[in-house]
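Here the protein sequences come in this chain order: A and B. One rule links them: number in the working numbering = place in the first sequence (from 1) + 18. One rule links them: number in the working numbering = place in the second sequence (from 1) + 238.
These are calculated hints, taken from the structure and not from any lab test. A quick note: this is a predicted structure, and the numbers were derived from the prediction, not measured. Think of the CB as a built atom: it goes at the ideal place given N, C-alpha and C, for glycine as much as any other residue. Keep in mind that the hints are not guaranteed to be accurate.
[Stated by the list, open to error] Here are the simulated lysine to any residue pairs, SDA-like style, with alpha carbons at most 25 Å apart:
no., chain 1, residue 1, chain 2, residue 2
1, B, K334, A, P114
2, A, K62, B, Q244
3, B, K293, B, K316
[Claimed, not checked] Every beta carbon over 10 Å from chain B, so not counted as near; a handful from chain A, in silico:
no., residue
4, V30
5, R33
6, G34
7, E36
8, R38
9, K45
10, H49
11, S84
12, P88
13, G91
14, R102
15, Q122
16, R129
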Amino acid sequence: NAGVMQNPRHLVRRRGQEARLRCSPMKGHSHVYWYRQLPEEGLKFMVYLQKENIIDESGMPKERFSAEFPKEGPSILRIQQVVRGDSAAYFCASSPRGLVVHEQYFGPGTRLTVT
Amino acid sequence: AQTVTQSQPEMSVQEAETVTLSCTYDTSESNYYLFWYKQPPSRQMILVIRQEAYKQQNATENRFSVNFQKAAKSFSLKISDSQLGDTAMYFCAFMKLSGGGSNYKLTFGKGTLLTVNP
Numbered sequence: 019n020a021g022v023m024q025n026p027r028h029l030v031r032r033r034g035q036e037a038r039l040r041c042s043p044m045k046g047h048s049h050v051y052w053y054r055q056l057p058e059e060g061l062k063f064m065v066y067l068q069k070e071n072i073i074d075e076s077g078m079p080k081e082r083f084s085a086e087f088p089k090e091g092p093s094i095l096r097i098q099q100v101v102r103g104d105s106a107a108y109f110c111a112s113s114p115r116g117l118v119v120h121e122q123y124f125g126p127g128t129r130l131t132v133t
Numbered sequence: 239a240q241t242v243t244q245s246q247p248e249m250s251v252q253e254a255e256t257v258t259l260s261c262t263y264d265t266s267e268s269n270y271y272l273f274w275y276k277q278p279p280s281r282q283m284i285l286v287i288r289q290e291a292y293k294q295q296n297a298t299e300n301r302f303s304v305n306f307q308k309a310a311k312s313f314s315l316k317i318s319d320s321q322l323g324d325t326a327m328y329f330c331a332f333m334k335l336s337g338g339g340s341n342y343k344l345t346f347g348k349g350t351l352l353t354v355n356p
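Just chain A, same shape as in the assembly (with noise of 0.2 Å):
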């Protein structure tokens, strides 16, 4: 059963750019959660998807970033107009259904570098 993946390792964007960010599942799981590690930092909560549905978005930034998981393909992080401050590695987790959603797997994230 292949872990949760996770495309492209590395994302070198200039500022001003779109950054979309892919998270494939683990098979079985229809719960997505994203993260964001920033230098010297802990992973902070940013969103939490089912399939075509946003549970909490309680961490996500208010303007250009947003968020998707669609019934069919990845969840996909979309970052536009990427700034300096973007610069961060991105953590996508996922979880099965039912009453083991505590249990997340990560993948092994997506390191954005903004020039």
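Could you slot chain B onto chain A? The hints should help.
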């Protein structure tokens, strides 16, 4: 809101010895989970151990064990017989479980960098 505090930014230990990493948290919830995650230089987040708050017995996973003091809101990680491969950042994390799907997010501490020396 919940907070998680790891007061030791860095620690080191000799191979084969025992080390304890500290974590305290602040919450008004009674039903929650606590976790320790390991992040080696590869940056992959790996679950080390999990503790349910309603369980009085401390969780154990091979060389890893916790000392969970619910009243003191303390959750320390003990690593026995330290190995070179244990060198990593260790993050303590909290998850509340009371009502509604929005309560499954993890709140992390800032981490402790553990170095195991040969």
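Q: Enumerate the violated hints, using their earlier numbering and listing them in ascending order.
A: The structure conflicts with hints 10, 15 and 16, although it agrees with all the remaining ones.
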